[in-house]
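Protein chains: 2
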Amino acid sequence: MFEFDFIEWLSSQVTEHPDVVLGVGDDAAILRNSEDLQVLTTDLLLEGVHFESGSATFKQIGRKALAVSLSDVAAMGATPTVAVLTFAFPQRLEFAAAQDIFRGALELAREYRVAIVGGDTNRWSQGLVVGSTVLGSLKHAGWPISGARPGDLLLVSGSLGGSILGKHLDFRPRCDLAAALAATQLVHAATDISDSLTIDLAEICRQSKVGVCLDAMRVPIAAAARARSEQTGRPPLEHALFDGEDFELLLAVDPEAADELLTKPELAGQLTVIGAFDSSDRLVLKREDGRAGPLPVRGYEH
Amino acid sequence: MFEFDFIEWLSSQVTEHPDVVLGVGDDAAILRNSEDLQVLTTDLLLEGVHFESGSATFKQIGRKALAVSLSDVAAMGATPTVAVLTFAFPQRLEFAAAQDIFRGALELAREYRVAIVGGDTNRWSQGLVVGSTVLGSLKHAGWPISGARPGDLLLVSGSLGGSILGKHLDFRPRCDLAAALAATQLVHAATDISDSLTIDLAEICRQSKVGVCLDAMRVPIAAAARARSEQTGRPPLEHALFDGEDFELLLAVDPEAADELLTKPELAGQLTVIGAFDSSDRLVLKREDGRAGPLPVRGYEH
Chain Z
1 MFEFDFIEWL SSQVTEHPDV VLGVGDDAAI LRNSEDLQVL TTDLLLEGVH
51 FESGSATFKQ IGRKALAVSL SDVAAMGATP TVAVLTFAFP QRLEFAAAQD
101 IFRGALELAR EYRVAIVGGD TNRWSQGLVV GSTVLGSLKH AGWPISGARP
151 GDLLLVSGSL GGSILGKHLD FRPRCDLAAA LAATQLVHAA TDISDSLTID
201 LAEICRQSKV GVCLDAMRVP IAAAARARSE QTGRPPLEHA LFDGEDFELL
251 LAVDPEAADE LLTKPELAGQ LTVIGAFDSS DRLVLKREDG RAGPLPVRGY
301 EH
Chain B
1 MFEFDFIEWL SSQVTEHPDV VLGVGDDAAI LRNSEDLQVL TTDLLLEGVH
51 FESGSATFKQ IGRKALAVSL SDVAAMGATP TVAVLTFAFP QRLEFAAAQD
101 IFRGALELAR EYRVAIVGGD TNRWSQGLVV GSTVLGSLKH AGWPISGARP
151 GDLLLVSGSL GGSILGKHLD FRPRCDLAAA LAATQLVHAA TDISDSLTID
201 LAEICRQSKV GVCLDAMRVP IAAAARARSE QTGRPPLEHA LFDGEDFELL
251 LAVDPEAADE LLTKPELAGQ LTVIGAFDSS DRLVLKREDG RAGPLPVRGY
301 EH
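Those protein sequence lines, which keep their order, are chains Z and B.
Mind the numbering: the first sequence is residues 1 to 302 in this note's numbering, read in order.
Mind the numbering: the second sequence is residues 1 to 302 in this note's numbering, read in order.
These are computed hints drawn from the structure, not numbers from a lab.
Check each hint, because a few of them may be wrong.
Claimed, not checked - What follows is a list of derived Cβ distance ranges for each label pair:
{"no.": "1", "chain 1": "Z", "residue 1": "GLU35", "chain 2": "B", "residue 2": "GLU8", "range": "45 to 51 Å"}
{"no.": "2", "chain 1": "Z", "residue 1": "TRP9", "chain 2": "B", "residue 2": "SER279", "range": "48 to 54 Å"}
{"no.": "3", "chain 1": "Z", "residue 1": "ALA179", "chain 2": "B", "residue 2": "LYS209", "range": "55 to 61 Å"}
{"no.": "4", "chain 1": "B", "residue 1": "ARG218", "chain 2": "Z", "residue 2": "ASP176", "range": "37 to 43 Å"}
To be verified - Below, a list of computed lysine to aspartate or glutamate pairs in the EDC-like style, where the Cα atoms sit at most 20 Å apart:
{"no.": "5", "chain 1": "B", "residue 1": "LYS209", "chain 2": "B", "residue 2": "ASP254"}
{"no.": "6", "chain 1": "Z", "residue 1": "LYS286", "chain 2": "Z", "residue 2": "GLU203"}
{"no.": "7", "chain 1": "B", "residue 1": "LYS286", "chain 2": "B", "residue 2": "GLU238"}
{"no.": "8", "chain 1": "B", "residue 1": "LYS209", "chain 2": "Z", "residue 2": "ASP5"}
{"no.": "9", "chain 1": "Z", "residue 1": "LYS264", "chain 2": "Z", "residue 2": "ASP176"}
{"no.": "10", "chain 1": "B", "residue 1": "LYS209", "chain 2": "B", "residue 2": "ASP281"}
{"no.": "11", "chain 1": "Z", "residue 1": "LYS139", "chain 2": "Z", "residue 2": "GLU35"}
{"no.": "12", "chain 1": "B", "residue 1": "LYS59", "chain 2": "B", "residue 2": "GLU47"}
{"no.": "13", "chain 1": "B", "residue 1": "LYS286", "chain 2": "B", "residue 2": "ASP215"}
{"no.": "14", "chain 1": "B", "residue 1": "LYS139", "chain 2": "B", "residue 2": "ASP5"}
{"no.": "15", "chain 1": "Z", "residue 1": "LYS209", "chain 2": "B", "residue 2": "ASP5"}
{"no.": "16", "chain 1": "B", "residue 1": "LYS59", "chain 2": "B", "residue 2": "GLU3"}
{"no.": "17", "chain 1": "Z", "residue 1": "LYS209", "chain 2": "Z", "residue 2": "ASP281"}
{"no.": "18", "chain 1": "B", "residue 1": "LYS286", "chain 2": "B", "residue 2": "GLU203"}
{"no.": "19", "chain 1": "Z", "residue 1": "LYS209", "chain 2": "B", "residue 2": "ASP36"}
{"no.": "20", "chain 1": "Z", "residue 1": "LYS139", "chain 2": "Z", "residue 2": "ASP176"}
{"no.": "21", "chain 1": "Z", "residue 1": "LYS286", "chain 2": "Z", "residue 2": "GLU230"}
{"no.": "22", "chain 1": "B", "residue 1": "LYS139", "chain 2": "B", "residue 2": "ASP19"}
{"no.": "23", "chain 1": "B", "residue 1": "LYS139", "chain 2": "Z", "residue 2": "ASP176"}
{"no.": "24", "chain 1": "Z", "residue 1": "LYS59", "chain 2": "Z", "residue 2": "GLU35"}
{"no.": "25", "chain 1": "Z", "residue 1": "LYS209", "chain 2": "Z", "residue 2": "ASP176"}
{"no.": "26", "chain 1": "Z", "residue 1": "LYS59", "chain 2": "Z", "residue 2": "ASP100"}
{"no.": "27", "chain 1": "B", "residue 1": "LYS139", "chain 2": "Z", "residue 2": "GLU8"}
{"no.": "28", "chain 1": "Z", "residue 1": "LYS59", "chain 2": "Z", "residue 2": "ASP19"}
{"no.": "29", "chain 1": "Z", "residue 1": "LYS139", "chain 2": "B", "residue 2": "GLU35"}
{"no.": "30", "chain 1": "Z", "residue 1": "LYS139", "chain 2": "B", "residue 2": "ASP36"}
{"no.": "31", "chain 1": "B", "residue 1": "LYS209", "chain 2": "Z", "residue 2": "GLU8"}
{"no.": "32", "chain 1": "B", "residue 1": "LYS59", "chain 2": "B", "residue 2": "GLU111"}
{"no.": "33", "chain 1": "B", "residue 1": "LYS139", "chain 2": "Z", "residue 2": "GLU35"}
{"no.": "34", "chain 1": "Z", "residue 1": "LYS139", "chain 2": "B", "residue 2": "ASP19"}
For each residue, glycine too, the CB sits at the ideal point set by N, CA and C.
Chain Z extracted, bound-state conformation (with noise of 0.2 Å):
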């Protein structure tokens, strides 16, 4: 049978951990708790909505769907140690389909040394559907998104723009980074970028009750924003400030220390300040011709 097949072939697959005390296959897994906070993640993966089968391998489908939960893991200051899968086939699926759909997963989950340790396994006759739900352990308070305060510096990882032409499935989320940041404690906030930079901007922004002010001179345009630009005839920092599925890092710093990080050799080159966070109630952008006005606040409808 499909499922009991599936199951008992990827219990083969996974690899050990230090925190599993139980992995794959039974009601439950067993984890030993490895610090005193930790953080607990969760996404669901649609076709047609969050990937397209015709232009998705399914190893890339897999992959995203844990990848979205690892950023989310980055984005809170914590490192990822276990996660588990669910997954609605098709009936019209292959079986080895199901298997690169798990590899991709499994691929990524081993890179970053995460341990896959349970799911559930479903057939029907709609969309295929991946769920993932990721911990993480915390050694710190944790970058709410609602930490940013007035005269904070914002910052953000690698580049934006254009993620639909490739970095919506392939990226790779924030961890080394998030936990080289959260070693200098000087993290106030933090969110990914999945929305859009504008939207999930917006939300720090309204959970921490302070305004902002983009520079849109500064905001760091990916390849393939230009790219996709030459695609939509549209700016390609418009692709930077509204696309989404960037998975970036989006950062409230502490100003004073700020120079301090971005000199660090171990983050040099993967940060760059955009903005900064006021006590005002305005979302505002400074466009490149030096004149100021309300940030327009959109991103990838799905």
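Chain Z is already provided as a structure; the job is to place chain B on it using the hints.
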């Protein structure tokens, strides 16, 4: 917008919990670790597979999504602490229906003192999907499904069969019973009956490398199994053996101490001895006429 409005609404509904440092509304929840060991389990409920929108209410659907995971936690002898939920709502689903799905889960969570600490909300054009992941705290070594020993007695909670008439939606996860049993340290292995008594029993035997003799005369037959029997013309016992979704606990218990356990006031009437494990590799059914034969293993086909 549906998703944001829904999350804002549900943020106002959830209650506090001593283990929760940061709950709904961030990239991940932050949790305090209260025990050295914890359990983690996940389930995905699918429209047309685990429930029918026509016959189950929205509250029942949300309740069941959480209940199946609570049952898995009970089957490890653990106490559930926190949960995260995922939703794929059909575009046609009304906001009030989404609220009812959440309310169904939330009411059960409150009853079981479980905090809902996060989730992921999506909409799509296909069927309703509700996922749940639950963490539990474990104060002993756990009840692995591989832990049954030759000579152990086979016990079951409650009564079995006919769950399709209602119990598959409104069953009570056996967390209180599990807590009382865990305190006795007499349980060697456990699982909950989801697929069917015979399928889940066969899985205990397979993973524990033991045989079993199941005594048909002793199997507690639910009133619903008799009612179902009148609909199907099949004997009530068949419904008890093969229907599944009873979500009762199936336990391998130290035989020396089983008497003590069965006479404890707090457990009285909740457990029935229905067989014994042995060192063979056979699954045997002792029938009502006293004859023994191979145990047929089958269940509800999803």
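Right, here's what the structure says about each hint:
Our hint of 45 to 51 Å for GLU35(Z) and GLU8(B) is violated, since their Cβ atoms are close to 31 Å apart. At roughly 29 Å, the beta carbons of TRP9(Z) and SER279(B) sit outside the given window of 48 to 54 Å. In this structure the supplied range 55 to 61 Å is violated for ALA179(Z) paired with LYS209(B), their Cβ-Cβ distance being about 42 Å. With their beta carbons about 58 Å apart, ARG218(B) and ASP176(Z) fall outside the hinted range of 37 to 43 Å.
Distance check on the hinted pair: LYS209(B) and ASP254(B) sit about 17 Å apart at the alpha-carbon level, within 20 Å; holds. Taken as a hint, the LYS286(Z) and GLU203(Z) pair is honoured in the structure, with Cα atoms around 19 Å apart against an allowance of 20 Å. Note on LYS286(B) and GLU238(B): the hinted pairing holds, with a Cα-Cα distance of about 14 Å set against a maximum of 20 Å. A hinted pair counts as satisfied when its Cα atoms are at most 20 Å apart, and LYS209(B) with ASP5(Z) qualifies at roughly 19 Å.
For the suggested pair LYS264(Z) and ASP176(Z), the alpha carbons sit about 14 Å apart, so the restraint of at most 20 Å is met. Proximity of LYS209(B) to ASP281(B) is assessed by CA-CA distance (about 7 Å); at most 20 Å being required, the pair is judged to hold. For a cut-off of 20 Å, the pair hint linking LYS139(Z) to GLU35(Z) stands: about 7 Å separates their Cα positions. For the hint pairing LYS59(B) with GLU47(B), the CA-to-CA distance comes to about 14 Å; that is within 20 Å, so the pair holds.
This hinted pair checks out: LYS286(B) and ASP215(B) have alpha carbons roughly 5 Å apart, not beyond 20 Å. Between LYS139(B) and ASP5(B), the direct Cα distance comes to roughly 39 Å. Violation of the 20 Å bound is thereby established for this hinted pair. Restraint check for LYS209(Z) and ASP5(B): the C-alpha separation of about 19 Å stays at or below 20 Å, so the hint holds. Between LYS59(B) and GLU3(B), the direct Cα distance comes to roughly 19 Å. Compliance with the 20 Å bound is thereby established for this hinted pair.
For the suggested pair LYS209(Z) and ASP281(Z), the alpha carbons sit about 7 Å apart, so the restraint of at most 20 Å is met. The hinted pair formed by LYS286(B) and GLU203(B) meets the criterion: a straight-line CA distance of about 19 Å does not exceed 20 Å. Between LYS209(Z) and ASP36(B), the direct Cα distance comes to roughly 37 Å. Violation of the 20 Å bound is thereby established for this hinted pair. This hinted pair checks out: LYS139(Z) and ASP176(Z) have alpha carbons roughly 14 Å apart, not beyond 20 Å.
A hinted pair counts as satisfied when its Cα atoms are at most 20 Å apart, and LYS286(Z) with GLU230(Z) does not qualify at roughly 24 Å. This hinted pair checks out: LYS139(B) and ASP19(B) have alpha carbons roughly 16 Å apart, not beyond 20 Å. Between LYS139(B) and ASP176(Z) the alpha-carbon distance is near 33 Å, which puts this suggested pair outside the 20 Å criterion. Under the criterion of a C-alpha separation no larger than 20 Å, the hint pairing LYS59(Z) with GLU35(Z) is inconsistent with the structure, at around 32 Å.
Under the criterion of a C-alpha separation no larger than 20 Å, the hint pairing LYS209(Z) with ASP176(Z) is inconsistent with the structure, at around 29 Å. Distance restraint check for LYS59(Z) and ASP100(Z): the Cα-Cα separation of roughly 5 Å lies within the 20 Å cut-off, and the hinted pair is therefore satisfied. Simply put, LYS139(B) and GLU8(Z) have alpha-carbon atoms about 29 Å apart, too far for the 20 Å limit, and the pair is violated. A C-alpha spacing of about 26 Å is found between LYS59(Z) and ASP19(Z), which places the hinted pair above 20 Å, so the restraint is violated.
For the hint pairing LYS139(Z) with GLU35(B), the CA-to-CA distance comes to about 17 Å; that is within 20 Å, so the pair holds. A C-alpha spacing of about 16 Å is found between LYS139(Z) and ASP36(B), which places the hinted pair at or below 20 Å, so the restraint holds. Among the hinted pairs, LYS209(B) with GLU8(Z) is consistent with the structure: their alpha-carbon atoms are about 16 Å apart, no more than 20 Å. Between LYS59(B) and GLU111(B) the CA atoms are separated by roughly 15 Å; this keeps the pair inside 20 Å, and the hint holds.
In summary, the hint linking LYS139(B) to GLU35(Z) is supported, as the alpha carbons are separated by about 17 Å, within the 20 Å threshold. For the proposed pair LYS139(Z) and ASP19(B), the alpha carbon gap of about 16 Å is at most 20 Å, so the pair holds.
Against the hints set out earlier in the document, violations occur for numbers 1, 2, 3, 4, 14, 19, 21, 23, 24, 25, 27, 28.
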